[in-house]
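*Asks:* Given next are the chains, with one letter for each unit.
There are 2 protein chains.
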Amino acid sequence: MAAAHEPEVIRDKAAMRAWARRRRAEGKAVALVPTMGFLHDGHLSLVSAAAASAGGQPVAVVVSIYVNPSQFAPTEDLATYPSDLAGDIRKLAATAAVAAVFCPPDLYARPDAGAESASCLEEAGGAYGHETWIRVEHLEKGMCGSSRPVFFRGVATVVAKLFNIVEPDVAVFGKKDYQQWRVICRMVRDLDFAIEIIGSEIVREADGLAMSSRNVHLSHEEREKALSISRSLVKARTAALNGNTHSQQIKYQMVQTLTEAGGQVDYVEIVEQESLVPLERIDRPAVICVAAWFGKVRLIDNVEIQAPS
Amino acid sequence: MAAAHEPEVIRDKAAMRAWARRRRAEGKAVALVPTMGFLHDGHLSLVSAAAASAGGQPVAVVVSIYVNPSQFAPTEDLATYPSDLAGDIRKLAATAAVAAVFCPPDLYARPDAGAESASCLEEAGGAYGHETWIRVEHLEKGMCGSSRPVFFRGVATVVAKLFNIVEPDVAVFGKKDYQQWRVICRMVRDLDFAIEIIGSEIVREADGLAMSSRNVHLSHEEREKALSISRSLVKARTAALNGNTHSQQIKYQMVQTLTEAGGQVDYVEIVEQESLVPLERIDRPAVICVAAWFGKVRLIDNVEIQAPS
Chain H
1338 MAAAHEPEVI RDKAAMRAWA RRRRAEGKAV ALVPTMGFLH DGHLSLVSAA AASAGGQPVA
1398 VVVSIYVNPS QFAPTEDLAT YPSDLAGDIR KLAATAAVAA VFCPPDLYAR PDAGAESASC
1458 LEEAGGAYGH ETWIRVEHLE KGMCGSSRPV FFRGVATVVA KLFNIVEPDV AVFGKKDYQQ
1518 WRVICRMVRD LDFAIEIIGS EIVREADGLA MSSRNVHLSH EEREKALSIS RSLVKARTAA
1578 LNGNTHSQQI KYQMVQTLTE AGGQVDYVEI VEQESLVPLE RIDRPAVICV AAWFGKVRLI
1638 DNVEIQAPS
Chain L
1338 MAAAHEPEVI RDKAAMRAWA RRRRAEGKAV ALVPTMGFLH DGHLSLVSAA AASAGGQPVA
1398 VVVSIYVNPS QFAPTEDLAT YPSDLAGDIR KLAATAAVAA VFCPPDLYAR PDAGAESASC
1458 LEEAGGAYGH ETWIRVEHLE KGMCGSSRPV FFRGVATVVA KLFNIVEPDV AVFGKKDYQQ
1518 WRVICRMVRD LDFAIEIIGS EIVREADGLA MSSRNVHLSH EEREKALSIS RSLVKARTAA
1578 LNGNTHSQQI KYQMVQTLTE AGGQVDYVEI VEQESLVPLE RIDRPAVICV AAWFGKVRLI
1638 DNVEIQAPS
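Those protein sequence lines, which keep their order, are chains H and L. Letter by letter, the first sequence follows residues 1338 to 1646 in our numbering. Letter by letter, the second sequence follows residues 1338 to 1646 in our numbering.
Think of the hints as simulated: they come from the structure by calculation, not from any bench. Mixed in with the good hints there might be a few duds.
The list treats identical chains as interchangeable, and a pair is accepted whether it falls inside one copy or across any two copies.
As the list claims (entries may be wrong) - Okay, derived cross-link-like pairs now, DSBU-like style, lysine-lysine, Cα gap no bigger than 30 Å in a straight line:
no. : residue 1 : residue 2
1   : Lys1572   : Lys1350
2   : Lys1428   : Lys1478
3   : Lys1428   : Lys1588
4   : Lys1365   : Lys1633
5   : Lys1350   : Lys1562
6   : Lys1513   : Lys1428
7   : Lys1588   : Lys1365
8   : Lys1365   : Lys1478
9   : Lys1350   : Lys1588
10  : Lys1350   : Lys1365
11  : Lys1633   : Lys1562
12  : Lys1562   : Lys1365
13  : Lys1365   : Lys1572
14  : Lys1350   : Lys1633
15  : Lys1350   : Lys1512
16  : Lys1572   : Lys1428
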């Protein structure tokens, strides 16, 4: 018999839904934390936020662990995405805050087709395969959407699937994936999901690097260089708060900092917080977003700036 | 105080969801019949199917009435689509089988934006408007998808919204809109909605014309000519069952029948029932689908054929 705080591990969709419905029938709110596993303290902060949601009502926290193939393009790092399910379950058990871990083997399998599944390309499925995709047509453009063309389509679709399987009252997403968080908020609003979305603050290593499962792939040297990301964001934020609100200038300085450190910049953007529309001046609530490569690792980070008074 | 079988009329999304959740808490299944109103006996047969669903469990039937702007292209007949809400509610009350009628004024309104809403074109919404769309990428192509490019995107999206608002256990769709029914089934499978979809048989007038809200726009003469649709389908079905399984021949004869009657054919297709892939020969479960114009009215109809033995 498992200890009281040992999470139940569920692999089957129908079992997951039945489990969540039983918790709701018991008067609990269900809070979902969708992850791709290889958990770090950033993920655990999402678990804490989930456990503290629903304002006093008892909460059953569900963490899903699923590396979603449909959000990776064929050129991307699906094959090398790190995983450690046993370690993940240990970490979640140690929080004593997680009631269930949902780790399905394949979310795109046809119920009538055995092991067959959808790859990142819907064409692979043919006339009977997975073919339904959700697009958030403005917010998916720009920033990560420019360099990762199928990313947000894959994210929105798998999150909708998880929402329909777990039927949570609350779902928690990290603001490190800022554009993803906004895409999910917009999808929930537009499709009338009865789910409260919580955006949880970025958790950083002591030296400032935003926590990410991909950090494990950084060499010691690359990791040092990658500190230029958070350093450039802190500098930019300080400049903006001190009255330098010209986006172009700030972006230029950031690109310089990142490039001098040996990074290859994918994008630096300063955008409005809700619409993600680029801002020429930081004259309203803004977020500065960065994506840059260090070696073979693409890292993202961001900082929010409320409008300077 | 309303009579026991008088349906409750609900206009607000949150009130609708709360109402449906109360019914489920009472142990009832919730069955949804999505319509665009101007109800006829075809719709009432969907209500009967909904009332008979859930195998003995008490059922609360919800009929939604909403003319969904996002499934009409700017050139189409949104402005002249017939409506009669008071008459619809009377007809539903007379069935004594409907517990609630959901007739929202606008399903795309931003909660924070007063009367502003999305038109059939997402661009109208701008950076804060409705921008999330569901596409069923294979099934939406061909047949009605060819001549009505935004139709299935609009249908899938509004049905997902209705599903998330009403949270039904069962939803009933008419097989007259055969491609629509298949699109919805596929969306439900691919996005893991916990909803059983029932496809309900076509209801015809005594003379064979498939019931449709748009029939009201036919002149007496056009209506006579439009009987060529069901006539051509009956002939085609008979031919196929008698061993003429060559799709091209059958389609040719149907086009001839429709054209001679004065119809303008949009399409005649013979496709596999689940995938809607065109068939050269009727050697497996097939459906013959027709769309044709009579005057300014576009009508659709179809007949299923199980494979001849």
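*Asks:* May I ask which of the numbered hints given earlier this structure violates, with the numbers listed in increasing order?
*Replies:* 1, 2, 3, 4, 5, 7, 8, 9, 12, 13, 14 and 16
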